[in-house]
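Go ahead and model the full structure; you've got the sequences and the hints to work with.
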Amino acid sequence: MKPSPTISDRIAPAAVILSMMAALYMVFIAVPNDAFQGPVQRIFYVHLAMWLPTFAAFGIVGLTSTLFLWTRNRRWDHIATASAELGLLFCTLGLATGCIWAKPIWGTWWTWDPRLTLTLVLWMIYAAYLLLRNLATDPNQGSVMAAILGVSGVVNLYLVNRAVYWWRGIHPAVVVTKEGESGLTDPMMRLTLMVCLLAFFLLFVWLLRLRVRTAHLEDDVDELRSRVLAAGV
Amino acid sequence: MFALLWKDLVIELRTKETLASLFLLGTLLLLVLSFAFDPTHPMREQSAPGVLWVAIIFSGTSAINRSLLRERENDCLSGLLLAPIDRGTIFFAKTAVNLILLLTAELFLIPLFIFFFNLPFVSTVVRLAVVAPLATLGFAAIGTLFAAISLRTRAREIMLPLLMLPLATPLFLAAVEITRDLMSGANYAQVSHWFKLIVAFDVVFLVVGWLTFEYAVAE
Amino acid sequence: MRSAAPRPAESSVGSVAGGLPGAWIDESIAARTSLENAIILSNVSRTFGRVRALDAITLAIPRGAATALMGPNGAGKTTLLKLCATLLIPSAGELRVNGSNPVQDGAAVRSHTALLGHDSHLYGDLSAEENLLFTARLHGIPDAREKISDALGRIGLRAVARRSVRTFSRGMQQRCALARVLLQRPALLLLDEPATGLDVAARDILYEIVHELRRDGTTVLVTTHDVGECLAICDSAVILAEGRVAWHGPVSAGDRDVLERRLRSAAAKDS
Chain A
1 MKPSPTISDR IAPAAVILSM MAALYMVFIA VPNDAFQGPV QRIFYVHLAM
51 WLPTFAAFGI VGLTSTLFLW TRNRRWDHIA TASAELGLLF CTLGLATGCI
101 WAKPIWGTWW TWDPRLTLTL VLWMIYAAYL LLRNLATDPN QGSVMAAILG
151 VSGVVNLYLV NRAVYWWRGI HPAVVVTKEG ESGLTDPMMR LTLMVCLLAF
201 FLLFVWLLRL RVRTAHLEDD VDELRSRVLA AGV
Chain U
1001 MFALLWKDLV IELRTKETLA SLFLLGTLLL LVLSFAFDPT HPMREQSAPG
1051 VLWVAIIFSG TSAINRSLLR ERENDCLSGL LLAPIDRGTI FFAKTAVNLI
1101 LLLTAELFLI PLFIFFFNLP FVSTVVRLAV VAPLATLGFA AIGTLFAAIS
1151 LRTRAREIML PLLMLPLATP LFLAAVEITR DLMSGANYAQ VSHWFKLIVA
1201 FDVVFLVVGW LTFEYAVAE
Chain Y
2001 MRSAAPRPAE SSVGSVAGGL PGAWIDESIA ARTSLENAII LSNVSRTFGR
2051 VRALDAITLA IPRGAATALM GPNGAGKTTL LKLCATLLIP SAGELRVNGS
2101 NPVQDGAAVR SHTALLGHDS HLYGDLSAEE NLLFTARLHG IPDAREKISD
2151 ALGRIGLRAV ARRSVRTFSR GMQQRCALAR VLLQRPALLL LDEPATGLDV
2201 AARDILYEIV HELRRDGTTV LVTTHDVGEC LAICDSAVIL AEGRVAWHGP
2251 VSAGDRDVLE RRLRSAAAKD S
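Chains as they are written, first to last, in the numbering used here: chain A, 1 to 233; chain U, 1001 to 1219; chain Y, 2001 to 2271.
Calculated from the structure, these hints are not laboratory results.
This one's a predicted model, so the numbers in the text were calculated from it and none came from an experiment.
The beta-carbon is built from N, C-alpha and C at its ideal position, and this holds for glycine as well.
Please note that the accuracy of each hint is not assured.
Derived pair list, reagent style EDC-like, types lysine to aspartate or glutamate, alpha-carbon separation capped at 20 Å [unchecked claim]:
| # | chain 1 | residue 1 | chain 2 | residue 2 |
| --- | --- | --- | --- | --- |
| 1 | U | K1016 | Y | D2125 |
| 2 | Y | K2082 | U | E1214 |
| 3 | Y | K2082 | Y | D2105 |
FRET-style restraints, in silico, Cβ to Cβ [stated by the list, open to error]:
| # | chain 1 | residue 1 | chain 2 | residue 2 | range |
| --- | --- | --- | --- | --- | --- |
| 4 | U | S1184 | A | Y165 | 50 to 60 Å |
| 5 | U | L1103 | Y | T2196 | 37 to 47 Å |
| 6 | A | K103 | U | A1036 | 23 to 33 Å |
| 7 | A | P187 | U | A1036 | 51 to 61 Å |
| 8 | A | L89 | U | R1154 | 23 to 33 Å |
| 9 | A | P13 | U | R1154 | 30 to 40 Å |
| 10 | Y | A2267 | U | L1103 | 49 to 59 Å |
| 11 | Y | T2196 | U | R1154 | 21 to 31 Å |
| 12 | U | P1111 | Y | T2196 | 43 to 53 Å |
| 13 | U | F1035 | Y | A2159 | 51 to 61 Å |
| 14 | A | L24 | U | A1129 | 58 to 68 Å |
| 15 | A | R209 | Y | G2217 | 36 to 46 Å |
| 16 | A | W70 | Y | A2159 | 50 to 60 Å |
Structure below.
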């Protein structure tokens, strides 16, 4: 059914692998130790790189959910599901790497810092999103209902953000300067961060493509299965 | 829309099942949470607002679920959907019914809360008079939308809080913070940003519900 | 042996299934054909997950006709009714009900359509009278109280009008649902195995009401397994099998054996 791999099919994994190798090299070898935090700070490059895919993914969920409700084209639903899954994956990794970084630096695995709180709330929303799909009595309906949640999630994002910042009104400035300063003192550090951001974003784009394609193939298989059954073979 | 309101309120007046369970569950939660947060502590005004709102939210969640579950008997929901009205109207009517039920329950729960926590009656009631209806409106709207959704899933009772509570974070934070700040002597100007947040939330979910309810109920 | 009814939807063959709504058919054709046909389906499919309940059905039901939807269990009969009642949305294809598109303009379709199905849509905590009053208000029916009283009298429930529906037997609930149809006087009446649970007397009232509504020009679409019922109410029949139209044609009282043979062959093909 599908044509042979196109050029971009070959380039995408190659770009991901190359940029990942570069990122690993820079994080572990090329970049100097942080003056205050020591080697622990190196996880920060990977940690920060998780947030670009996470927020991109949740944005895509909102956009494609709206388009799906509007046009009823299954294509948008496939992209929304794939994005939600990947967003949740990167979000989980981001939370995990953040905790690992926070233990030696802040002396605790978890603080109710607004950014952490926001991320945890997002994680809950998109975990519920995926659960809703699985627990729907009818898959078509699951798609529609999940789309409503996807739209609500994005529309609500700003309000959640404001709420948690006001709730923990004192902390954010501290966090921003701490991360900002330590991350950007050395040009090599800045470059490392850029490479990491690029590498993980490419990884996200590649995985998204694969996941959407899998969803299309699953649809095709279902279609063929029902045709075969209908033909009475 | 008024036909829908009339129908739901007549049924509720006749059976009183939603209100009774709402009130009893709310009281029970107040009691259990009082065990967790010492209601005789001099600093109780810090924890009391949280106790009140958790009691309202959890009893309210099951009440909203109940009010939509009623439409499943004899597949009454399909009967509603066959009416020549916009499905957004059904959403508004159901939200209004849930709002009325929740506010009625709060009318009983809030005095009980004041009584348990030994708070000044008049000033506490005055402090809650604006925030409670506003927060309950948003809660009724988001609850109605997601109860309609969770009705069509396999794990109905669990799904509603799972879907709704994370999204309702801004609403609850605002309600608790306003209540706490006002109880510790802040004036309205100092909490106006929280009020704006609640109003924004109400508007957002009334609009989202109105636009998407059709998809939530139609197959 | 294919469809004997006019097939006005042919102009749309080749349209994009599942594309944007409204791009389907030349509006003038739609307007002209909707004068003759109460229901037009054009390549309509509906899937439930992996199950394809309706498979690219093209069908036209003439205005004022009474048509039976027959066929083995799971053939897609109820799905078709629910599509016409706007309770379901087609997965692909286009349909028109009394000239309106149920997906875009559901309220217009619902305002002149009534569905009598397995579920009574009655609130157990309200009385029969209150249930009907609720329906009347939803549908904006004037002089509701008189009409309700008439309808309840007609179907023999006047004595229990104020009893809560929860205390009714299945048959009484079904009668009460029938009273609602009488109240609505719809232009399109959809019946989903309407005689289930009714006693002989109530069934006779049902048939009588159907005939009466038809004299006023109501289009009737009824799903049934009972050939006798089909012949008692309908002048044409559609046999569905595996979500497709297996046969569509006129029926008359003498056709009993022919119709039964057709149903058997559709069922045989099904298994």
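How the hints compare with the structure:
Restraint check for K1016 of chain U and D2125 of chain Y: satisfied, since their Cα atoms lie roughly 11 Å apart, inside the 20 Å limit. A hinted pair counts as satisfied when its Cα atoms are at most 20 Å apart, and K2082 of chain Y with E1214 of chain U qualifies at roughly 16 Å. Straight-line distance between C-alpha atoms of K2082 of chain Y and D2105 of chain Y comes to about 15 Å, which keeps the hinted pair within the 20 Å bound. A C-beta distance of roughly 21 Å is found between S1184 of chain U and Y165 of chain A, which places it outside the suggested range of 50 to 60 Å.
For the hinted restraint 37 to 47 Å between L1103 of chain U and T2196 of chain Y, the CB-CB distance of approximately 43 Å keeps it satisfied. For K103 of chain A and A1036 of chain U, the hinted distance range of 23 to 33 Å is satisfied, since their beta carbons lie about 28 Å from each other. Distance hint for P187 of chain A and A1036 of chain U: a CB-CB separation of about 53 Å, consistent with the stated range 51 to 61 Å. Our hint of 23 to 33 Å for L89 of chain A and R1154 of chain U holds, since their Cβ atoms are close to 25 Å apart.
With their beta carbons about 38 Å apart, P13 of chain A and R1154 of chain U fall inside the hinted range of 30 to 40 Å. Taken as a hint, the range 49 to 59 Å holds for the pair A2267 of chain Y and L1103 of chain U, whose Cβ atoms sit roughly 57 Å apart. For T2196 of chain Y and R1154 of chain U, the hinted distance range of 21 to 31 Å is satisfied, since their beta carbons lie about 28 Å from each other. The beta-carbon spacing between P1111 of chain U and T2196 of chain Y, approximately 52 Å, falls within the hinted interval of 43 to 53 Å.
At about 55 Å, the beta-carbon gap between F1035 of chain U and A2159 of chain Y stays in the expected band of 51 to 61 Å. Judged by the Cβ atoms, the range 58 to 68 Å given for L24 of chain A and A1129 of chain U holds: they are separated by roughly 60 Å. Between R209 of chain A and G2217 of chain Y the C-beta distance comes to about 56 Å, which lies outside the given range of 36 to 46 Å. A hinted range of 50 to 60 Å for the beta carbons of W70 of chain A and A2159 of chain Y is consistent with their spacing of about 52 Å.
Going through the hint list in order, the structure does not satisfy hints 4, 15.
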